[in-house]
Amino acid sequence: MSRQIYVIAEPCIGVKDRSCVAVCPVDCIHGGEKDPQLYIDPNECIGCGLCESECPVDAIFLEDELPAKWKDFMGVNARFFETSPPGK
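Residue numbers 1 to 88, in this note's numbering, belong to the letters of the sequence shown in order.
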């Protein structure tokens with residue numbers, strides 16, 4: 001069985017509430033003040049789902065449950081970590 005990961009989609013843009021960051025047990029949600037949204041590191045996410053229920057704007061989805069109009073956010077999240085790895 002493959003591991004499911006979560007993805008942050010368009011509703012987070014401009015909001016960045018950060019309540020999801022506080023509940024993440026593996027600290028895989030990142031994004032700075034200048035970033036338009038928060039991002040989930042697909043290599044670190046353990047698929048626990050705590051972030052999804054905490055998001056006040058319903059921006060977090062399991063990757064295979066992302067609405068079709070936001071499917072590109074899988075790549076948006078992954079690319080963020082290719083160009084802006086945490087701690088670098």
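Just so you know, the hints here were simulated from the structure itself, not pulled from any lab data. Each residue gets a CB set at the ideal place from its N, CA and C atoms; glycine is no exception. Don't take every hint at face value.
[Claimed, not checked] What follows is a set of in silico ranges between Cβ atoms, one per label pair, in the way DEER data are often shown:
hint, residue 1, residue 2, range
1, Pro25, Lys69, 25 to 31 Å
2, Lys34, Gln4, 25 to 31 Å
3, Pro86, Glu54, 16 to 22 Å
4, Glu82, Pro56, 14 to 20 Å
5, Val26, Arg79, 16 to 22 Å
6, Lys69, Ala22, 23 to 29 Å
7, Ala68, Pro25, 15 to 21 Å
Checked hints:
For the pair Pro25 and Lys69, the beta carbons lie near 30 Å from each other, so the given range of 25 to 31 Å is met. Between Lys34 and Gln4 the CB atoms are about 30 Å apart, so this pair conforms to the stated range of 25 to 31 Å. Here the CB-CB span from Pro86 to Glu54 is close to 20 Å, well matched to the stated 16 to 22 Å. Between Glu82 and Pro56, the C-beta spacing of about 28 Å breaks the proposed range 14 to 20 Å.
A hinted range of 16 to 22 Å holds for the C-beta pair Val26 and Arg79, which are about 20 Å apart. Range check, Lys69 to Ala22: about 28 Å between beta-carbon atoms, so the 23 to 29 Å window is met. The hint said 15 to 21 Å for the Cβ distance between Ala68 and Pro25, and at roughly 30 Å that hint is violated.
Checked against the numbered hints listed earlier, the structure breaks hints 4 and 7; every other hint is satisfied.
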